[in-house]
Amino acid sequence: MSSVELIGMISIIMAGATVGIGAPVTAIAEGWAVSRGLTALAQQPDAAPVITRSMFIGVAMCESSAIYCFVVSIILIFANPFWNHVVALTGGQ
Amino acid sequence: MDITPDAIVYWEAGPVRITATLVFSWFVMGILVGGSWLVTRRLSTATTLSRGQSLLEIVVEMIQEQIRDVTQQDPARYLPFVGTLFLFIAVSNILAIVPSFHPPTGSLSTTAALALCVLASTPLFGITERGLSGFLRTYLQPSAFLLPFNIIGELTRTVALALRLFGNVMSGSMMVAAALAIAPLFFPIIMSALGLLIGLIQAYIFAILALVFIASANQAHQEQAQTASTSEKRKDGP
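Line by line, the protein sequences are chains U and P. The first sequence begins at 1 in this note's numbering and counts up one residue at a time. The second sequence begins at 1001 in this note's numbering and counts up one residue at a time.
Just chain U, same shape as in the assembly (with noise of 0.2 Å):
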C-alpha cells in the first residue's frame, strides 16, 4: 500500500472516529447539564432567568470540546497538511 493510500485511508478513519467518539461523550454531559438544569427549573421557578443563563453558559462551555472534535477532523477532511505535503512530493516526481 503506497503512502498516499495510506495518509488518506487514516485520515478519513480518524475523522470518523474524532467526531464519533467526541460528539457520544459531549451529548452525555449536555445531557446530564440539562437535566440538572431543569429539575433545578422545576423546584425554583422563580430563578428561571438565572437557572436558564448559567445552564445555557454551562452547555455551551461543553459543547466548545465537540466543536474542538469537528474543526480536527474537517481539519483532516479538507485541509490535511500531511495530505498536501505527499501530494505535493508525488506530483512533483
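Possibly wrong hints are sitting among the right ones.
What the simulated footprint calls covered on chain U by chain P, stretch by stretch (three residues with Cβ under 8 Å from a Cβ of chain P suffice, anywhere in the stretch; the number is not a length) [unchecked claim]:
no. : region
1   : 52 to 61
2   : 73 to 79
Ranges between beta-carbon positions, derived for each pair [claimed, not checked]:
no. : chain 1 : residue 1 : chain 2 : residue 2 : range
3   : U       : Val4      : P       : Leu1116   : 35 to 41 Å
4   : U       : Trp83     : P       : Arg1137   : 46 to 52 Å
5   : U       : Ala79     : P       : Ser1050   : 46 to 52 Å
6   : P       : Leu1196   : U       : His85     : 36 to 42 Å
7   : P       : Ala1178   : U       : Val4      : 22 to 28 Å
Which chain U residues stay away from chain P? Per the calculated CB distances, all over 12 Å, these [to be verified]:
no. : residue
8   : Ile7
9   : Gly20
10  : Ile21
11  : Ser35
12  : Ala42
13  : Ala88
Calculated directly from the structure, the hints in this document are not laboratory data. In this text, a Cβ means the ideal position worked out from N, Cα and C, and glycines have one as well.
Let chain U serve as the given structure and place chain P on it in line with the hints.
For chain P alone, coordinates are given in the frame of chain U:
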C-alpha cells in the same frame, strides 16, 4: 465547498487581499452604524416614538438588564464593549440566511480578532477599576502557586472563545451545504432555522462569557466593598 470565507478573494494586489470576510464585516458594520445613525438622528421623548427608536431602546435596555443581572454592577461601563460584540455577532449570524451572504463570524480570523479584543480588554477594565498592582494581584489568588495556571487559563479561554464561535457558525453553513447535496427540497430549510437559533445563542454566549471574564477581575474587589450592604439585604429578603 469552502470552509471559510477567507478563501474567497475578490481583489488582490501584492500582500493586500480583499476577501469575503473583510467585505461582509464592513457590510455588517455599515448596517449597524448606518441604522443607528438614521434612528438616533431624530430622537424624541414624545409619547409616540418612531419604530426604529423603539427597536433600539428595546435592544439597549435588554442588554443593560442582562449585564446588570450577571455582574450586579452598573451596566454603563460594560455596555459599549459587550453590546457591540453581541450586536455584531448576532447581526452577522442572522444575515447568514440571506443568499450569497457569507457570515464573517464563519472565519477564524474574525473570531480570533474578537477573542483578542476580549483578552486585551480584561486588563484594561481591571486596571482602570483597581489600579495596576491591584489587578496584578488577582493573578496571585488564591495562592501564588497558581500563577502559571491563571495565565494558562487566560490564554486557553481566549482560544476556546474564538474556536467555539468559529466552529458553530462554520458547522452550521457546512451542514446546510451537506443537506443541499443530500435532500435539496425541504431539509435545508430546517437546518437553516436551526442555524439561526444556534447563531443567536452563540452571540449571546460570546457576549456573556466576555462579560464574565471582564467582570471576574473586578468581582473580589466589589464583593469586599459590598459585603456589608448585601448581608443586610439578605436578612431582609424572603
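Hint-by-hint comparison with the structure:
1. Counting residues of the region 52 to 61 of chain U whose beta carbon lies closer than 8 Å to any beta carbon of chain P gives 4, which reaches the threshold of three, so the coverage claim holds.
2. With a cut-off of 8 Å between beta carbons, the region 73 to 79 of chain U has 3 residues touching chain P; three or more are needed, and the interface restraint holds.
3. Under the hint 35 to 41 Å, the C-beta atoms of Val4 (chain U) and Leu1116 (chain P), about 38 Å apart, fit the expected range.
4. Separation of Trp83 (chain U) from Arg1137 (chain P) is about 49 Å and conforms to the stated range, judged on CB atoms against 46 to 52 Å.
5. Distance hint check for Ala79 (chain U) and Ser1050 (chain P): the Cβ-Cβ separation is about 48 Å, which falls inside the suggested range of 46 to 52 Å.
6. Roughly 39 Å separates the CB atoms of Leu1196 (chain P) and His85 (chain U), a value that falls within the hinted 36 to 42 Å.
7. Distance hint check for Ala1178 (chain P) and Val4 (chain U): the Cβ-Cβ separation is about 26 Å, which falls inside the suggested range of 22 to 28 Å.
8. For Ile7 (chain U), the shortest C-beta to C-beta distance to chain P comes to about 20 Å, beyond the 12 Å cut-off, and the non-interface label holds.
9. With a least CB separation of 16 Å from chain P, Gly20 (chain U) remains clear of the 12 Å interface cut-off, as annotated.
10. The beta carbon of Ile21 (chain U) is kept farther than 12 Å from every beta carbon of chain P, the shortest such distance being approximately 17 Å.
11. No Cβ of chain P comes within 12 Å of the Cβ of Ser35 (chain U); the nearest lies about 19 Å off, and the non-interface call holds.
12. Listed as a non-interface residue, Ala42 (chain U) keeps its Cβ farther than 12 Å from every Cβ of chain P; the least gap is roughly 19 Å.
13. For Ala88 (chain U), the condition that its CB be more than 12 Å from all CB atoms of chain P holds, with the nearest at approximately 19 Å.
Of the numbered hints stated above, none is contradicted by the structure.
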